[in-house]
Amino acid sequence: MSIEVRIPTILRTYTDGAKQVEGTGSTLGELITDLDHKHGGLGDRLVDDGGLRRFVNVYLNDEDVRFLAGLDTPVKDGDTVTVLPAVAGGATVS
Amino acid sequence: MLTITRELRDKIVAHARRDHPDEACGVLAGRAGGDRPERFIAMTNAERSPTFYRFDSGEQFRVWREMEDRDEEPVVIYHSHTATEAYPSRTDISYASEPGAHYVLVSTRDSGTAEFRSYRIVDGTVTEEPVAVVE
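Top line first, the protein sequences correspond to chains A and B.
Numbering-wise, my numbering puts 262 at position 27 of the first sequence, and it's gapless, one number per residue.
Numbering-wise, my numbering puts 1062 at position 6 of the second sequence, and it's gapless, one number per residue.
Bound conformation, chain A alone (with noise of 0.2 Å):
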């Protein structure tokens, strides 16, 4: 089983510059700790003690997981999973 994982430029230096690898799973959540095991530190990028980091956006094909299930999100062979990190900023000092 595969599933398709878009990484942005971001990302990449945890691919070898890959904009796309691939990875198992039944859930998001899984598929994220696969990853991690092809990728080190790929999956600290994605995720942190919260669940999802705030400002990734992760896609189950054209819908953000946050508006499905989150982690928990099932995946199956032929999905396509996209990560963009959102694009945020602003005058407010952090």
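Treat the hints with care, since some could be wrong.
To be verified - Sample of chain A residues lacking proximity to chain B, with all beta carbon distances greater than 12 Å (derived):
#1 ALA253
#2 ASN292
#3 PHE302
#4 ALA321
As the list claims (entries may be wrong) - Which bits of chain A does chain B cover? Going by a derived footprint, with three or more residues having C-beta under 8 Å, they are:
#5 241-249
#6 313-320
Keep in mind that the hints were calculated from the coordinates and are not lab data.
Here a beta-carbon is modelled for each residue, glycine too, at the ideal position from N, C-alpha and C.
Mind docking chain B on chain A? Use the hints.
Leaving out everything else, chain B in the frame of chain A:
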């Protein structure tokens, strides 16, 4: 150096003025590898805030997918500051996630003029760059 047409520059400023006092934000897409902004894409500020912006996630997905289909990339990512100077804040720097983009900042704090400045933000380092406005 950011090279940009007057028309695109004016569209960014007009968008910033229109959304004032909320921050405006958007993208200029251009041919991948070309470093020339060509296509103006105003984005919804999902935060609708005078001090913070964030692209709506669904809209960002569609726009990024469309750019990929057209062999484009985000050449410029712009947003406005409505009460402070057109310089990247700590928030801007920490969330900058497109290392190849020119980050354009417009300030609408003064209704008479619009400050328009451009920066590279790579690995947490900000470098201002000159802006060449062409016809």
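Against the structure, test the hints numbered earlier, and report the numbers of the ones violated in rising order. Failing hints, ascending: 2, 3, 4.
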